[in-house]
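Starting from the known structure of chain S, arrange chain L on it as the hints suggest.
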Amino acid sequence: MIDTLRLTAEEAMGLIERGEASAAELHAAYLDAIRDRDGELHAYLRTVDEADGGGVPIAFKDVISSRGVETTAGSKVLQGYVPVFDSTVAARCREAGLPLIGKTNMDEFAMGSSTENSAYGPTRNPWDPERVPGGSSGGSAAAVAAGLAPWALGTDTGGSVKQPASLCGIVGLRPTYGTVSRYGIVAFASSLDQVGPMTKTVRDNALLYRIIAGRDPCDTTTVELPQPVELPEREDLKGIRVGVPKELNEAEGIEPGVKEAADRTIELCRELGAEVGETTLPRSVEYGLACYYLVAPAEASSNLSRYDGVRYGLRVEGESGVRSMYERTRDAGFGDEPKRRIMLGAYALSAGYYDAYYGQAQKVRTVIAQEHAAAFRSFDVLVSPTSPTVAFRLGEKAENPLAMYLSDVLTIPSNMAGLPGLSIPCGLSEDLPVGFQLIGPQFSENTLFHVGHALERAIGFDVVPGRLQ
Amino acid sequence: MNWEPVIGLEIHIHLKTRTKMFCRCEVAYSEPENTRTCPVCLAHPGSLPVPNAKAVEWTIKLGLALGCRIAERAVFHRKNYFYPDNPKGYQISQYDEPLCVDGRLVVPGPDGEPEVGIVRAHLEEDAAKNVHTGSAQGRIAGASATLVDFNRAGTPLVEIVTRPDLRSADDARRFLQLLRQTVVELGISDAEMEKGSLRFDVNVSIRPQGSDELRTRTELKNLNSFAFAAKAIQREVERQTGIYEAGGEVEQETLHFEPGTESAPPLRSKEEAQDYRYFPEPDLVPLQPPAELVERVRAELPELPGARILRLAADLDPDTATDLVTSGRDALFERVPGDRRAVANVLMNQFAAAGVDAAAVDPEELGKLIEARSRIPRERLIEALAASGTPGFSADDYLGDGLMADTSELEPIVDRILEANSGQVEAYRGGKEGLLGFFVGQVMRETRGKADPKVVNELLREKLSA
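Protein sequences appear in the order of chains S and L.
Just so it is clear: in the first sequence, position 434 is 434 by my numbering, and no numbers are missing.
Just so it is clear: in the second sequence, position 314 is 314 by my numbering, and no numbers are missing.
With the rest of the complex left out, here is chain S (with noise of 0.2 Å):
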């Protein structure tokens, strides 16, 4: 009998290794499990029922394309859709023989903080059924917690992936902008989506970075990476500097229980060897919000133009030409959320309007990365919350998007800075998970699982949900 709520990928690999399971055997169990559980939590929107492949079975968020499975990005608008080829980390994931489970849910085209801007109804936390996993990312945050995956890919533009994992006690990566191929993931805002790992454990999500990360010919934003991916040992922080930004710590809105258990996590850095030393980033914390909304619905407005019925997915065929088709066609296929940032994007690119609006955003942009910068001469590691709430109920803040916003206010600034960041569980409260936000320089996602990894050991946190046990 495989516990899929416990097992680890690196112990399900071992599992393989050492002849006590097979892949088959693996994926049948996920697959009960998600037959027992997903119902209530509809973290999966479709399953694969065979294993293709001799490895760890994986869950793939339904914005990453996958050859032959149905890849809807949680919106009407790409229902039916089957891809005719694999995205780059799929293709990666397939060479490595992990075989898809499947797709799961998400906010559609990854634009919202709760998961509840599905198309396909929203999914449940497993920690309470009653709140959200967070997301966009929160079928695979959720499948992973929930033991109905044993490790995820998400996406991640504005915290999509971090925030998930924070609201879900998981652990989730957003590397570096450009190590991770885009082929194949449907587009929201380019210049910000990367493919992040979503995993119980540090070393899982170590490896399955591994896999996915390096550069690919068909997608020129990405390079090679400087360093070969270490899987994390070191269970000390000696050496490492760790830098509290004063603004990300202390911004409006964090939970006390929050505060606490970051603060916590703060003290055991200082216990295992860690330098900790106080910093700030004004402009990146009071600009990054504004100047990602800007930035992320201005090309999102263009990355969505392409869904207007004429190739595949939704048509609502018109009254009478082209127009009336395409309007037809957009006005049934998105929902709220895509619409009102397509409007926003649209906005924010119109004549004489971009150089005040997205113009701008990018000079800040600019900014915020050099700060980001500064603050990494004197640290290695950026420390804060990563969600400045646990997990809220379901509907709390679904018809108020500033607030819903504001779920991302301490993920966005270093997304928006091209940086890595890593979260992981760092304890509860209310008897629901915290996230702790590890943020460093370009290309130090070794130094990330490092000190995740350490943290990971001396905090000792239940990744199994309570209800779950």
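There may be inaccurate statements among the hints.
[Said to hold, decoys possible] Rough simulated footprint, nothing fancy, chain S against chain L, three-plus residues with beta-carbon under 8 Å: (1) 48 to 61; (2) 278 to 284.
[As the list claims (entries may be wrong)] The following label-pair restraints were derived from C-beta to C-beta distances: (3) R46(S) - N34(L): 26 to 36 Å; (4) T133(L) - E130(S): 54 to 64 Å; (5) K54(L) - E230(S): 34 to 44 Å; (6) V84(S) - T133(L): 22 to 32 Å.
[Said to hold, decoys possible] Cβ-to-Cβ under 7 Å is the rule here; a few derived chain S residues that face chain L: (7) F85; (8) I185; (9) S190; (10) D219; (11) T220; (12) S302; (13) S305; (14) R306; (15) V310; (16) R311; (17) V322; (18) A351; (19) Y358.
FYI, nobody ran anything at the bench for these hints, they're computed from the structure.
Backbone N, C-alpha and C define an ideal beta-carbon position, used for all residues, glycine too.
Same frame as chain S, now just chain L:
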């Protein structure tokens, strides 16, 4: 008042790279519909563009040939608009940081050598092709359906924009001919209008001679030949002149000519300022052509047609020099000995008509033939020219022995003709000297074209005046 035309051009040429601009699909013109497509050029979700290095290099080559500065950093932008032939909903083009800027092309003509400024030459991708069905001539009006053929989607396209430096319809035609010849010789495009691998739009305005203002312009689209463009520009200049002289104002509009026809009047449409919401393409990093690449391409440039026209025009005139170069017969011209003007005339007229491959011709033999062109009958010359491209061709076969120039041989024939046409002889002697040609023709017929027309002429004159 004298009015001066102010003309600018926007030219699009397809690069004949093996593959498309941003994917590895083959560039195709006559393949079955939608057989040269992939997730990238069909804009499937998640597909990403990868620039074609050859297309970048060729655009640099063209830029250098046009005297442009090659940007150290060029940026692709997205031009956003909805249309079924535009699968991504945006075209990847270049906007304020194009690859080639600030060039010039000297266009020799009868009135001098005007220099036409090149604002920019940039790289972009072509759209797919909309095919309207169920209507006459595949037009959109009355069509029952529109089908889209994506074979063309993503074909590399260079857009060249000139400054409004052209001052006549003929200059515009000459510019287009020279530009076309340049891209053909660079080997980067077929630049065939019939195939759609060369297209252009013309901006026309006029202003009082001597002024440097720029008045409202109109845009002429779908012009299908250089000659037709010259005519259409001329007509538009006259139309605008008429408007101003009647005290009116020219409106900014676009004149769409019917593709494929020259007779139909253009459809007019108001120019709407469309907002394309340009922004830098985030899926692509900026192009930074290495200096070594630019210098290598510069070193490889052949002597350009513009320079050759200038060189040849010294012995000829600009139009003949242009014709020689744009017809590709200038290389042969330079190798054929003899009187420059005579060689040029024969090459551009009788030789051109004979349809001979210039590369297969022995220039020395052709020179002999041209030198003797007035001594042999016209038919014989044309026959010889037609044969001039065959291996082992010898001009002597058509000159020398073959030609009846001997008076003693020709005299009896001439006598016979004059005797048989006594009426015409009377008439000639009575003053109808135009009949000389008639007699020459008769003699030529009798000798099956072998008589030396010069000798025949002399003989006839002598006998008729006796």
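Here's how the hints hold up against the structure:
Proximity of the region 48 to 61 of chain L to chain S, defined as three or more residues with a beta carbon under 8 Å from a beta carbon of that chain, is established by the 4 residues found. Coverage of the region 278 to 284 of chain L by chain S holds. Counting CB-CB distances below 8 Å, 5 residues qualify, and the rule asks for three or more. Evaluation of the 26 to 36 Å hint for R46(S) and N34(L) yields a pass: the beta carbon distance comes to about 29 Å. Between T133(L) and E130(S) the C-beta distance comes to about 56 Å, which sits within the given range of 54 to 64 Å.
Evaluation of the 34 to 44 Å hint for K54(L) and E230(S) yields a pass: the beta carbon distance comes to about 40 Å. A C-beta distance of roughly 26 Å is found between V84(S) and T133(L), which places it inside the suggested range of 22 to 32 Å. The restraint placing F85(S) at the interface with chain L holds, with a minimum CB-CB distance near 5 Å, inside the 7 Å limit. Interface hint at I185(S): satisfied, since its Cβ lies 5 Å from the closest Cβ of chain L, which is below the 7 Å cut-off.
Of the supplied interface hints, the one on S190(S) holds, with its beta-carbon coming within about 4 Å of a beta-carbon of chain L, less than 7 Å. The criterion of a C-beta within 7 Å of any C-beta in chain L is met by D219(S), whose closest approach is roughly 5 Å, and the hint holds. Because the closest C-beta pair between T220(S) and chain L is about 6 Å apart, less than 7 Å, the hint holds. For the restraint placing S302(S) at the interface with chain L, the shortest Cβ-Cβ distance is roughly 5 Å, inside the 7 Å limit, so the hint holds.
Because the beta carbon of S305(S) sits about 2 Å from the nearest beta carbon in chain L, less than 7 Å, this interface hint is met. For R306(S), the interface hint holds, the least distance from its beta-carbon to any beta-carbon of chain L being 4 Å, beneath 7 Å. A cut of 7 Å between beta carbons decides the hint on V310(S): the least distance to chain L is about 5 Å, and the hint holds. Annotation: interface hint on R311(S) holds; nearest CB of chain L at approximately 6 Å, less than 7 Å.
Interface restraint check for V322(S): the shortest CB-CB distance to chain L comes to about 6 Å, inside 7 Å, so the restraint holds. Taking 7 Å as the C-beta contact cut-off toward chain L, the hint placing A351(S) at the interface holds, the least distance being around 5 Å. With a least beta-carbon distance of about 6 Å to chain L, the hint placing Y358(S) at the interface is held under the 7 Å criterion.
Hint compliance for this structure: no hint is broken.
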